[in-house]
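Trainee: Here is how the chains run, residue by residue.
Number of protein chains: 4
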Amino acid sequence: MTSVDINCDMGESFGNYIVGNDAAIFPYITSCNIACGAHAGDPYHIEKTIDLAIAHGVQIGAHPGYPDLQGFGRRVIPMPKEELSASIKFQVAALKGLVESKGHSLAYVKPHGALYNQMARNKETARWVIQAIKSIDRNLKIMGLAGSHIKDIAQEEDLVFVAEAFADRQYELNGELRSRNLENAVLTDTYKAADQILSIALYRKARTLNGQEVSIEAQSFCIHGDNPKAVDILKHITHILKENGINKMHF
Amino acid sequence: MTSVDINCDMGESFGNYIVGNDAAIFPYITSCNIACGAHAGDPYHIEKTIDLAIAHGVQIGAHPGYPDLQGFGRRVIPMPKEELSASIKFQVAALKGLVESKGHSLAYVKPHGALYNQMARNKETARWVIQAIKSIDRNLKIMGLAGSHIKDIAQEEDLVFVAEAFADRQYELNGELRSRNLENAVLTDTYKAADQILSIALYRKARTLNGQEVSIEAQSFCIHGDNPKAVDILKHITHILKENGINKMHF
Amino acid sequence: MTSVDINCDMGESFGNYIVGNDAAIFPYITSCNIACGAHAGDPYHIEKTIDLAIAHGVQIGAHPGYPDLQGFGRRVIPMPKEELSASIKFQVAALKGLVESKGHSLAYVKPHGALYNQMARNKETARWVIQAIKSIDRNLKIMGLAGSHIKDIAQEEDLVFVAEAFADRQYELNGELRSRNLENAVLTDTYKAADQILSIALYRKARTLNGQEVSIEAQSFCIHGDNPKAVDILKHITHILKENGINKMHF
Amino acid sequence: MTSVDINCDMGESFGNYIVGNDAAIFPYITSCNIACGAHAGDPYHIEKTIDLAIAHGVQIGAHPGYPDLQGFGRRVIPMPKEELSASIKFQVAALKGLVESKGHSLAYVKPHGALYNQMARNKETARWVIQAIKSIDRNLKIMGLAGSHIKDIAQEEDLVFVAEAFADRQYELNGELRSRNLENAVLTDTYKAADQILSIALYRKARTLNGQEVSIEAQSFCIHGDNPKAVDILKHITHILKENGINKMHF
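Residue numbers (this note's numbering), protein chains in the order written: chain S, 1 to 251; chain Z, 1 to 251; chain R, 1 to 251; chain F, 1 to 251.
Treat the hints as calculated values from the structure; they're not laboratory data.
Among the hints, a few may not be true.
A pair holds if it fits inside one copy or across any two, identical chains being indistinguishable in the list.
[As the list claims (entries may be wrong)] The calculated DSS-like cross-link candidates involving lysine-lysine, where the alpha carbons are at most 25 Å apart (straight line), are:
#1 LYS48 to LYS81
#2 LYS192 to LYS134
#3 LYS81 to LYS229
#4 LYS235 to LYS205
#5 LYS242 to LYS151
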């Protein structure tokens, strides 16, 4: 029986600023990427989110990003290797320690936003980040864009790679995500998002805007928690997966 | 043969803002308290400082403080238990992970500035902080003001307490540090600072301004690294200790 | 014909973190207190809020607070006079300059959160803040808690004082706001909130929980924009005021 | 009689982090560029610096930068026009208000670090920044790199442009500054720095590394205050200028 992992970004609130609807989303996901206080999150919200994840039996990953609260980690901050590397180590170490203090373990790392994209675009950045993660814990898995060179670099560094696909993003023929600068980059239709997961999970294929098939191999599917319809989408996906005999289970 | 530990705050630089003269001080100390990125320090400078400590064979402690870069951790930031606790856990976990990533271990935690004083003043704060540290690693020792209730609380929590005395601060008859708001609170004379260490190390006694004796039992002595004469003071202390057959060695 | 001013805190979003529902609230208020980038707000959101205020013909006030994004200005940050004063001047000057760059003028200053309360509690703090505001522009009015000593200090400094009452907070017999630590501190009932405005506007009286009358003289009424029902409350208040022949108009 | 303006970056300290030696430098300069709290500076240090400038009769300019304390404004932060523009307006307005609150006026704006370079490299950025400055006060002069397109854009916007040359940077044959990535980019020799000012001030010419002449027209000369020898350089320059009958005077 096929099974899929559903992940969501969590713990991104800061002080009085609340984002996402973490408590409502946890029942429907199998992995969560928890912010590490650099692009978002503060220790209080991070710890609360870890507690929620444990209470719901959800697998925990670290979600480090560029140290840029103002830009929410969505801007590339130019940093030399030593600075970027130290920042990633610091973020992952903090999250790992918090998780372990509760008798659980950190399973993986999924870089955030501009860092995620920069790693898919630039091999050097990908290697710096992966080596930084490895130096903290060589058992951590690396989650990154399905079909990218990140897989190769993770494997060269002897880390397990987890390919991620997006339920609610349109794919192009070359397997890349359709740029958000173009129309129809995001699938706003709950049914289409569920179909895309199903198609990738069962047949390892997605469809382009023109209806052409493109191969996508993925172990985890991302749902955007800041989408106001996130809970509806998750409920529908859960339903559809069940109907098709697919189990939700973390990798 | 008696031995003493000399500790100094380190790793407090932030981006382009450099404080202290870490590289020059490391040869003369046996323990270092490394900032954790909340009141001071950034991941790059923190990692560099850990590397320096290891290169000099200096024992490493975490130096968490109130999350207040603007105030350098010298202001009491009102925080409910959950927020303070999460912040301490986050800071200590990050430092511990960075140190362990280099095959070394974190030995102790010395809270910084306003938090250090607040713990000596307020039992509840002391307990919150100590429990937070314990949740990250129950082998971490707690460094705090000699003669304070922090010792009792650490022991109630089954953590080892390390009493700290100050080489360059004037003691009062009740064993407290003379307030910085009063005259003669700081010993600016290199020789007097060395004498005070010697007297506490050999006879467990310091002298008040009036020349009265006060009992001080301490396992570690703090030197303020932001003092422009810090290196001179450390050289002199090293010399005096040697002359008196006292070994510098970390606890 | 009696008229009342309705004010609301605005422009408190920061980067990707959005708070309040500014666009929906503007049509119903006559004055807005715009964050100044220290406790909340960033230049982009501040400028956008100024533009909205101008488009709706809403009078603009500056809303400076303790420089404490993490605490959203709700914690007292211990600051010596020179630091607090410089921070207030900086915040008010920035807002004033932005408003004037659009051919409009800044009408008043309402301090935020912990600073607002600290001024009502501590005369020295109140004087420091008022003198700082005055140094930037002596035509700025000071908005503060009705019945507090802030009025006297503003007048001693030759600044106009605007007394503020709260639509949705319970008053005590001494004219103070019922502490948020006690039950029934907040009026969650839209009708009661409107009644309280009406009673203060028409008769200069509010009622305590026991039904006793307490005198309150106010020129402006605050509505909390982060209340999810803020727009409903504002609509109802607008309706009730109209029915009672009271005009909404800024002071 | 020829006269030259000598400018220096000032007010860049933040909380406990002190940079530069502002008090020692003020007697030797005629203009100062004061940080505006985004890349460096806090309100307290900014106000103190304004007071020092006024006490020394030194002309005041605003020194806005990318909002990036961690990077000290030396990294290009990707910002859309509206965000960059609002940030510049906010910074300049704050400084202008503080200066005017003391009965003085803000004379000019010199963007800082990566923003300064980005404006010289990218016309669009230059126009955004200049229009933002103009919206705050159309009497503000724009200081920028001598020989760059910034002059044209300032003039198109009807603002006065002040061309800046560097005493301690090597020029290339095309009039650009030799890249800091290459050897000999910085003139560390006090005498050579003074000679370069003299040559540009008297003959509008500098010399390349090969000894070729290059035309440089400048109204102001920058001295880097974070250079530990800054005061020595300034003393020597003052002496040399006097010997050559050149007056130090702000533009």
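Trainee: Now tell me, hint by hint, if it's right for this structure.
Mentor: To see whether the hints hold, each was checked on the structure:
1. LYS48 to LYS81: between (32 Å within a copy, 13 Å between copies)
2. LYS192 to LYS134: Cα proximity of LYS192 and LYS134: none, with 37 Å in one copy and 49 Å across.
3. LYS81 to LYS229: neither (38 Å within a copy, 30 Å between copies)
4. LYS235 to LYS205: within (23 Å within a copy, 52 Å between copies)
5. LYS242 to LYS151: For LYS242 and LYS151, the Cα distance exceeds 25 Å both inside one copy (30 Å) and across copies (57 Å).
Of the numbered hints stated above, those contradicted by the structure are hints 2, 3 and 5, listed in ascending order.
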